[in-house]
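Could you slot chain B onto chain A? The hints should help.
One letter stands for each residue in the lines below.
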Amino acid sequence: MTTPQSTTPTATSDQDEPRLSVSGVTLRFGGLVALDDVSFDVHAGELFAIIGPNGAGKTSIFNCLNQVYKPQEGDIRLDGEQVMGKKPAKTAAMGMARTFQNLGLFVRLNVVDNLMLGRHHLMRTGFLAGMLWVGKAKREEIANRRRVEEIIELLELQQHRYQPVGLLPYGIQKRIELGRALAMEPRVLLLDEPVAGMNLEETEDMARYILEIRNELGITQIMVEHDMHLVMDIADRVMAIDFGREIATGSPEEVQNDEKVIEAYLGQET
Amino acid sequence: MRPRRLSSMKTSYAHDLRLFPTAWKRIGLVLLLAVVVLVPLYVKDVFWLNLLVIAGIYAVAAIGLNLLTGYAGQVSLGTAFFIGLGGYTVVWFADPTRWGWPLWGWLPMAALIGALVGAAVGPIALRVRGQYLVIVTLGLVVVGQYLFRNTESVTGGNNATIEATHNLVAIGPVNFADLQLFGFVFKKEAGFVYLAWIVVLITALIAKNLVRTRPGRAIQAIRDRDVAAEVIGVSLVRYKIGAFAVSSAMAAVAGALLASYTRFISVDSLDIFLSIQFLAIIIVGGVGTIYGAVLGAVALQAIPEFINRFSDSLPYVATGTGESGISVASLNSAIFGILIIVFLIFFPHGLAALWERTKAFFQRWPYRT
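Chains A and B, in that order, are what the protein sequence lines are. Oh and the first sequence: position 98 is 98 in the working numbering, straight run, nothing missing. Oh and the second sequence: position 42 is 42 in the working numbering, straight run, nothing missing.
Next comes chain A alone, as it looks inside the complex (with noise of 0.2 angstroms):
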């Protein structure tokens, strides 16, 4: 049985099924192998981190997870439901929000439209009611903005409501970018390197609200990161990748420690 809301916290030990199961996955373009065999587990409910160089193919796994790639071979399953050969806009639908690396924010909508176009997959107002603003749309409307106010709350962004997003700082529309996934009602929310190009304080402050997410509303991440620090210190899981090939997986004690983690970052000891 699946379970369409994840904002439940669900018990993450009992499940036999993990949340999303990836096996196999091999994504080439043309001669190149971007991702070769890549296989890992996620659980309910779960922090984990996917490491690697730059070039590693982290960003490409999230390519393949909501169906942007399409991977040639293997299998993606979001609680045991298929996910290859879904459009992009259908694994939305299925629970699977991601952000992005260098922000995929919508810049000339406000705060709260960018997080109102998050339930769009969850709102039903078709063109014609739109136009004609019947009641079923404006009921519509006032539930979903009610739910991105709590968002809105959560990750403190009240003084920046109705301001362009493209106007605000960086920071910011990292954290924005993190309310429009959390808006979705995601099954598996996909964060690409969230505190990339941030300072210490927006770095602590991203941790802070990731946490959050984790421990208060249950969400399990898949999180991309360079700072190797925050993996570290927040993830429940690590994988390492090198060269599209998984390297490493386990503890961030056990993926700290492993060789062949180390050879991949810092060369071969000669």
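Hints are not guaranteed to be accurate.
[Claimed, not checked] If you only want the chain A side, here are some residues facing chain B, beta carbon under 10 angstroms, derived:
no., residue
1, F106
2, V107
3, G118
4, M123
5, L154
Keep in mind that the hints were calculated from the coordinates and are not lab data. Glycine residues also receive a C-beta, built at the ideal position from the N, C-alpha and C atoms.
Positioned in the frame of chain A, the structure of chain B alone reads:
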């Protein structure tokens, strides 16, 4: 009793979503309506009435183009084609020698035909974007002119005329071409001022509702970042086509009104220049605002009419055939060109932004920022 609100303090989501949330905005709306109601009562000069009619009709199409270009980010030069489409809908459905439909029949029919043809053209925008889309829609205008010219049995050919009938623009007892209300007898132009501006109000309301609800947000998301829009679940196919359909329907409604007003359609006038005029309207008025399209339509319609009227007293403007100097038509083209350039460089957000700035100045007064 609940205290009367004058401030902009909002106390519920329903209040926040209201179109006219403050007393000042409601007062403004009432004043605007009053002007539209009173002008035809007291202005008897056909020049001014005609100006208002044409500006209103153009505003309808401009609101549509602004939805497509300003909100959905799809620059289109196809407006002239859809205006023609609406015009020929009147020729076919309203002409008494053909089907002889009344106003409430042919006006929605024009919207429907515009929407259907717009939806059929929409998929082009899925394959090409930016300047390529501009070129494709340019082609649409050329193909359209050819079709209109050569399907004479449907369109009436090069110069189609619509039979003058008594009830072409009548709804029940209210005939806008021969309006008599409360003892007032209106000129044809005055009646059309009401008709055109009622349609402007309805179109603006529809457009405003669209952009503040789910489908309107979706088309703006596609404008700002299409990949991200798709990843959060916005279907590019549905919303690009939808934006084209709505925009084309509004252009066709404008075309139908125009044809019913002039009772004459010349294929030659449905050219690129007409499309460019609408781009100029939304640029001058303000891309991405509803009332900007209306402001732009009024401003840009006033300019050629004024030149026409006062061409005698303007230097270097030829009024007769024998005179030397620039013709009125060429001067209009030149002015539109210059306006587009000036606004794009100095006021890229158009008249709407100038108004917003003025408003902000007085809201903050006496503080300056």
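Could you check if M123(A) really has its C-beta closer than 10 angstroms to a C-beta on chain B? Cβ of M123(A) sits 5 angstroms from chain B, so the hint holds.
Hold the hint about L154(A) up to the distance rule: shortest CB distance to chain B must be less than 10 angstroms. 18 angstroms, violated
Once the shortest beta carbon distance from G118(A) to chain B is found, is it less than 10 angstroms? 6 angstroms, holds
At a threshold of 10 angstroms, is the proposed contact between V107(A) and chain B supported by beta-carbon distances? Cβ of V107(A) sits 5 angstroms from chain B, so the hint holds.
Against chain B, run the beta carbon of F106(A) and see if the smallest gap drops under 10 angstroms. 4 angstroms, holds
Checked against the numbered hints above, the structure violates only hint 5.
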